[in-house]
Structures are given as C-alpha cells and as structure tokens.
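*Asks:* Take a look at the letters that make up each chain.
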Amino acid sequence: MTVKVLKGAKSPLNGATWGKQGDPIWMYEVPFTPMWDLRVDPNSSAFSAVNAALGLTLPTTVGKVARVNASCMGQPEYEKDQKGIIALCLGPDQWLLTGTADASELLEHVRAIHHISLVDISAQRTKLEVSGPKSVEVLEHVWEQDLRKKNFGIDSCSQGIMFRTPVIMWYCCTDCYILFVRSSFAEHLWAALTDATVEYL
Amino acid sequence: MSKVKFKFDGKKYKGHKGDTLATALLRNGIVHFTDSAYRDRPRGIIGLGHEEANALVQVVSGAGEPMYPATVLPITDGLVARSLSGVGDLADTRDKSRYDKKYRHVDVVVVGAGTAGLKAAGEQARAGKDVVICDEQDRPGGHLVHLGQDIPADLLAVLDMPNVTYLPRTIVHGLYDQGYSVASERRTDHLDSEVHKKKARMRTWHFRAERTILATGAYQRHLVFANNDLPGIMLSHAAATYVARDGVDVFKTAVVVTVDNQGYRDAVRLHNAGVEVLAIADCRQSASGPSVEAAKALGITIMNGKTAVDAELKPKKKTVKCVEIGNLDGTETTCIDTDLVAVSGGWTPTVHLGTYIGVKPKWNSLLACFDYHDLENKWVSAVGMVAGDFGGDDSPAIFFGPQQSDAQAPDAFVDFQRDATLRDVRRAVKAGMQSIEHVKRYTAIGTAHDQGKTSGTITMGLIGAALGKQPDEIGSLTFRSPFVPVPFASLAGRERGKLADPVRRTPIHALHESAGAPMEDVGQWKRPWFFPKGKEDLHAAVLRECAAVRDGVGVMDASTLGKIDIQGPDAAEFLDRVYTNMFSSLKVGQSRYGFMCGVDGMVFDDGVTTRLAENHFLMTTTTGGAAKVLDWLEEWLYTEWPDLKVYCTSVTEHISTVAIVGPKSRNLIAKLAPGLDASNEAFGFMENKYADVAGIPARIARISFSGELAYEINVEAWYGAHIWEAVMREGKEFGIAPYGTETMHVLRAEKGYVILGQDTDGTQTPMDVGMDWIVSKKKDFIGKRSFTRSDTARAGRHQLVGFMPIDGQEVIPEGAYVVEASNAGQKPPVKHVGYVTSSYMSAALGRSFAMGMLANGQARHGEEVAIPLRGKVIMAKVTEPLFFDKENTRRDG
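Going line by line, the protein sequences match chains Y and R. Taking this note's numbering, the leading residue of the first sequence gets 20, the next gets one more, and so forth. Taking this note's numbering, the leading residue of the second sequence gets 1027, the next gets one more, and so forth.
Extracted from the complex, chain Y is given alone in its bound form (with noise of 0.2 Å):
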C-alpha cells in the first residue's frame, strides 16, 4: 500500500466478511483501497503525457478497464505486483485510478505542466469483493445492469444504482466482482448484499 494507513484509521465496514472462499458466495472488505479520481481531455497533449506517467494506455471506451502490473485484485499474486495501476473509464474524459502504485507520485511531473485534475478520493468509497460461483446469482437480486459476459465481460466497468446506493462495479476475473461503494452507504448496501445470499449459503 503506497497510501499511508495511519493509526486510528477506520474503514467503513471495519474490514467485513461474509462467507468463506470456496463458499458459493464470498464477500469482503478491502480497506483503506487507494483510489484517484483523473480527468483529463483524451484529445489533449497531456492524456499522451497521462498514459506514458502511468505506463499504459487509457481506455476511452466507457466501461472499459486497462491495467498494468496488476494481474488480478484478490488474488494472491496481485499482492506481490508492484506498482500496479488499473484505471476504469467512468466518461469521456474521467477515470478512477486505483492500484499499488501512487499515481499522484506518477503524476506529478504532469500536473505541473499540463491541465489535468488528480484528487485522491481513497476514502470517498470503499471497496467490496464478492467472489464465487453464485456471485452472479447475487449480484441479479440487486444490479439491473447486464451482466452477461459477452456484455460485461471481465475488465468491464459500470456505474449504477445497486439497491439505492451509488456504485462502480468492475468485472475483475472469474467469478470475481470488484464493487466500489460511497462510504456513507456502504452500511446500506453491506446490508443488501449480505441478504440477497440467504439462499445460497
């Protein structure tokens, strides 16, 4: 983790869990997630400046995901991945940037020079996994999204509302879903999603 967890830090969901790996469903937690919100105009000299800072190509299509060193969240080897960085496309000119490595650190030289916008938002949302076999299964109770993988295929990035409550959903790997929730509802939701799997576990 490049964003310094200080003592006293306190995550939304104080690091919840529900259910276990190799459960159908698994869900959790994962505090103190650095996050960056980028904007910056895609026609412009600095998005060549952007994506050579942060060594891969911005997507532009909305709803897609690029990312280097970083092979997969939740997995073991994407904890030994160094500098990572995995940018969503949210809009035309607007990515949420998140990973190990610390883009502002990446960025600065750019911001210096050139008009972009690069606000850490780490705690603005938290991050929730939900894993397994049925994670789709649970995901239908309360996204209204396609999430057919020809549609939503993995490295696919949403925004919605899940139950009320604003999220961002990535499609990270197999049966793997990456939601990122404002941390004002992420009580709610918790709430919503732990629910909705009582009739799989």
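Wrong hints could be hidden among the right ones.
Only part of the chain Y face toward chain R is listed, based on derived beta-carbon distances under 7 Å [to be verified]:
| # | residue |
| --- | --- |
| 1 | Leu25 |
| 2 | Asp56 |
| 3 | His133 |
| 4 | Ser136 |
| 5 | Arg167 |
| 6 | Ile180 |
| 7 | Arg183 |
| 8 | Ala211 |
I should point out that these hints are in silico values taken from the structure, not numbers from a laboratory. Every residue, glycine too, gets a C-beta built ideally from N, C-alpha and C.
With chain Y's structure known, arrange chain R on it following the hints.
*Replies:* Relative to the frame of chain Y, chain R by itself:
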C-alpha cells in the same frame, strides 16, 4: 399422490397434494362455491386457470392472500381458505414472508411452456440464444397438462438445454417498451402452508430481452343466455378436464352447448369418463371434422342450429337443474334436466401482453377471435393459439348467445365478477355508446380481478350485434398490466423495513449512536439531533449544549457537508461566475463564505470555499445540496462554458469534519495539535492551517457558524472517528459538550445566519435575506440579470427579519403566519404579511426569539406584529435578524 388436509369456509376437507383448490372442492362435491358480489346469485367454478370469474378465495393460512382464484391455488397440508363474494380483506398483521427480485438480461423470453412455446424455445436455443421460459403452470405442456397427456420427448428435451432456463409457476404480468418484461414466480405456495422467511415466497423477475415470444395460448369463453351463471354451468374445457383428468365425479349427466368443435372433443372426454352426455347443442347448422365424427361414433345426440336459451336452478342445492335448448332466435325451447352444462363459446387468445405495448391484435373471422396472426414487430412475436394457430378442426361460428327478451337480458351475464349483464350492454348502446372503451366504463365489464379474460371478446360481439357490425368494427382489445393481480410486497421485494431506503452514515456515526444521541434525518443522512445527558429532553439538552458552546467548548460532526474539489487554470474565474461574490481575490490559504443563485436570481446554495492553491479550490455545499450543486457546476461547464479549463470532483465522503466551537476551543486545538500556532495573530479568522491533529495530518479552518471562536478539523474520512474520540478525550478538562443539529440551529439563528431550505424556499434573493453585501457589483454571475426583473426589484418584497415575542417565554411555532397587529383579534380570513421560519428558546438571550419573512420587513424594524394561533395570539416586535453579539466580538475568542 399424498393426501393433504385443508379447510374451506370453516369445514375440513381432504385432497390430493398437487391439486388446485378448485379440483379438490369439486372432488368433494362443492359445485355451489359462493354468491356473487352485487346480486348474491349462487355461483360455481367455471374455469381452469386465471380466467376464473367466480371462484375467488381469501387464503388465511401461511402468508395469506386477500384474493386469489381457487382454480390456480395449490392445496397443501394446513391450507385455510374462505370463499369471497367479490371483496377480500387485507390482513391486519404484517406479512413476514420473504419476497425478492431478480434482474436478468437474456436473448429471448418465451411466455408459456405449451407445445408452441417449447417448440419456439427449442428453435431459439438451437440457434445459440439464451432463453428463459416462464410458465404459469407447475409443469410444462400447457394444454397437454389439461389433457393429462405426455409432452413429446423432443420438446421436453428443450428444458434440459444448457442455455434454457425454465421457470414454472412464473407468470409474466407486464410487458413494456424495449423488451422489458416483469414476471412473478411463486416459489413456496405449492410446498406447504408455512411462512417462509429464508426462501423467498415470491420472486419478481425483471427481464430485458431482445425478443419476447408470446406462447400464451387462449382462454375459452362462455355464451350469454339467461341464467348462464348458475353453478354447474362451466366452460366445457374446464369441466372435461376436472372430470376426465382429475376424476371429479360430481356430475352424472351433461349437456354440451357449443359454437365450435371444441365442444365435441369435451363431450367425448366427458363421455369416456363416465358422464352421460345428453346432447350437444351446436349453434351451427352443420359441423364436420374428426372431433365431430368421434362424438357421433359414441352415439351422442347432436342438435344442430340449437343453443342454450335459458337455465333453471335447483333451489335447495343451488346448482343448475335444467337447461332450455332452443333456436338461436330463442324460440322452440325444450328443457333438459342435467347436472352439468358445458359451454364452449370459442377460444379467446391471450393477447394481453402484446396490447400493453400497443401491438393491436387483429380480428380473425375464421377463428372468431382477436389474435396475433402475421405479427411483425421488432420486440415481440407470437406462436401457437395466440398467433391463430389452433392446431385443430375448431371452425367456430361467430356467435355469442341467442336472442334474449328484455325479461331474460337482466339475468344473461357477460362479466360474472361484476354481475354485468346483457341488459347493461343494451343500455350502454341505447345511450349512444359504440366504442368498447365507453361501454366498458359504463358497464364495468372487464374491470374486475380477471380484467375480462372471458368477457372481453363477448362484449365486442354483443355491441356488434346490437349495432349490426362485426366485432372488429367495434374496436380492438386493450388490456393493462398486470395480467393477474400482484401483491405489492412482491413488487417491493427486499426494499422494505430497514432496507427500504439507504441510511447515510458519517465515519463518526457509531460513536454518536453509542453516546445515545437521537438522530435527525437530513435527506438520507442521519445526523445527531442532540446529546441528552441522563434523562434530559430536547429542550433541556439544547439549552445546556448552547450554554456550553457560548461559555466553554462544544464539538459537532460536520462531515455531511457537501465538498467539491475544483481545479484548473480557470477555477477562480469559474467561481466568480457561479457565486454572487468574488473569489478570484481570495488569497491562498483563506476561506470565504459564498452565495449561489439560480438563473432566476433566487438563492440556490451557500457554503464556504477555500483556496488551497492558486488554481485549486475546495467548495463546501449544504448537506442536502451536494449532488445538486455538483450537477449544476458540471452543467455550466459542459453547456455554457466549455472553454473554461476546470474540473470538479466530489470529495464529500473523502473528508470528515469535526468542528470545535466556543471560547475554549483555542486551548483545545493547541492541545490536540502541538505543532500549530493557534494564536489569533498567527491563525486569523477564515484562515486555514495544516497540522497534525492527534497524529493525523489535518487541514484546520477557522470557520464559524455560531459566531464563536471555532476550528474545523478536516481529515481523511478514515480518521473521523479517531479525531472525535481525541477531541472528546482532550476536551474533558474544558468541559466539552458534543452537540447536534438542534443546538447548531439555535446558535446560528442567534447570529441571524440563514439555513437555506429552512429560512428560504427558492423564492428569496440575497437582498431579501439581508445579504446585499454578498452581491458583487463589479462582476457578472449567474442570476444577476434577474435582479432587475420588475418583481424581483420591487420594494416591499418579503424580507428576512427577527420576531421577538413580547412574552419572552413564548416560543412561536415554526411555520406560523404573521398578520398586522391591528388584525390580531380578527377572525379568518385575515391577510397574512409574513411567516416564521426559525424559532427557538435561547440560553444566551434568556428568552425566545424567531426569524422569518415579512413584507417590506427591512423597513419595519421596531413595529409590532401578531402571530395568531389556535386559541391565542402571540405579539412580537420586528427586529433586525441578529440577536446575539451584534458587534462580532466573540469570533476571535
């Protein structure tokens, strides 16, 4: 088949598990089921499924059900039901069953698992499509289930295909634009009569499909003749199914009345099951086809050109005694005594779902029905009977009933549940109505639970007959979702009780809860309202909290304020345009309070904005305004000023804010942040400093919403609770008091600070609330032009003032109207000249005070006004809206 015990209308019965209540009651000899809603006429079961117009029950056991057809209710051990005559009761206890929802995107939804549906599903699945098949019955086969026949193996195999999902007991009750359909799956009612809290009793499916295939089949309809509603007069397909498939042996004799060959097939089934079929009365002069030949071969009497004209009741048993068979014009009738009159009035394809999205069914004169033959539509297709493919030799006549006299018409029923008759239709036509839409509303036909599943086409036929027209010249069938009544609980799913609406919590929420603070709803946020000590009520707690802040130090959780990060080379220019006051002149490290107006010049939001760096600002908004303000800013950037280089990012929940407020707050901040020089010289009002607070990097802002010396500690939200705990711990020696929204409101009101949305309602300019000073004369900004509108610029507008009750112990209720003192004693109507927006008892003033709007108020300071209330009048003096520390001596400590 296992036996189950159930209760109906207080009596105990036995039945076979898997049977419907209708089957079980008929087996037990119940032919007279209930009495009709409006005319108390004896009624029996007439149908086989959701078309049932008579046999409604209320389920009392388990989760209960206020109104449900006995023909589709599975019996289970312990079931308790009672018959209804039209009206059910909602249970007065809470339904504790679980209901849930699912959203599924799929290539194809097939509605109906009959032969046609399974065939269509197989074709789609073999073409690689993902298919969901919804079927209302508990097993596949549709019509074949009624006939008790096996499904061909190739069709049954469709259900096992990996890309096919089959949902039995699932009825699609809504179809909407863009391939959106909604279905209800009943998942426990067939298992037992328990309340299921874990397995959802009902599941509402929301499908989005590229194509919806209607394989919904058809319902049989009856014929309209006098006393056609007597128990023992049934739809022939239903009667034959109960007898032949289910072994109901309550009928010894039957007369079949038909307009098509379906009646012959049912006559054969009845005969083969041991019922003596006395005659088939066929309105057609001749009939042919295998169905007819089969009946003839059994020696059943066939009466061509004849139909039922009237019927008679067995008074004691309240079932049919005999049916009068005669010519179609009602003449030459003969009475035949019979237990059962099986009526085949033709098939009505179930076109409902298509009509929901405006797909008009077409009249098919060969089949005497409206159907979806040759349907071409991007979203919907039709197969099987609903597409006009009856697959048999039906050749029905277009016939809805014999000629009836004016004496017979009042007892010739069209819509059984509504007790609507041929007389009602005749009256409607006589009154000049020709459209089905008008006649429906006049007669109430089709407005009951069944929405006229059996009576719709008949009504069109009868109007046509009265006007000498064909049914398709009358109009088309139009239905509305839901196809069957749906419990509200199933639509709500899990979104009830605690899950009904999100509760937004600050990072400090749990600490407020354990401190025993009652919460106030601020939008979806929960904010501590006050922090009672011991048995204190709101009033006592607020007086104590206010005094603590004015004399010592208090602490408040201000984390809910909206926060927007604004950066870019044009950020200062942008803020100058959206705020009424100037921000480009603000120095780095300083904060300024700002007003935002809508294009109408009315106050829209307010808050403090801080310049973090030359091109970098942090805006705060009202708690409720955060999302709306961000949308507003983005809208202007995208639509009007795309040339401005500015980006906005919400950081509302990234930052937690703890405000320490009161004369002793400087001592406390010095203790919490040893690295900070908190002296007034080093850290002035509206300045920001960075320092570690309790070991956490923080931005500290000297902002006050109470007039007192105050520091707002801003940290990453992960540390909000940690900071609060540190403040409480270190503040102990200063007698720190946590306070909630109520005290905050009193403190700010004592200083005359407005709360947008409480003191304003979107119709006030900054000038109306006495904030002329915040409106820049030097620059343009959103709303400025509207200030010169004649009504906005006129003198005498409602303006913010103070109201000091003459009796300082009287607290005026917020929302009270203000009238002229001279009108104090007058009875209503009295012209009001203003209203009270904020009103409190003040510890600092030792008396009550209020703020509000008053016409021409700024010119009326010192005058007296009256606030008339029920039973009394409060007199108050008009003052400037500033009550405490008018010289601002306290904000620097």
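*Asks:* Decide, hint by hint, whether the structure agrees.
*Replies:* Right, here's what the structure says about each hint:
no. : hint   : in the structure
1   : Leu25  : holds, 6 Å
2   : Asp56  : holds, 5 Å
3   : His133 : violated, 10 Å
4   : Ser136 : holds, 4 Å
5   : Arg167 : holds, 6 Å
6   : Ile180 : violated, 10 Å
7   : Arg183 : holds, 5 Å
8   : Ala211 : holds, 6 Å
The structure is inconsistent with the numbered hints 3 and 6, although it conforms to all the rest.
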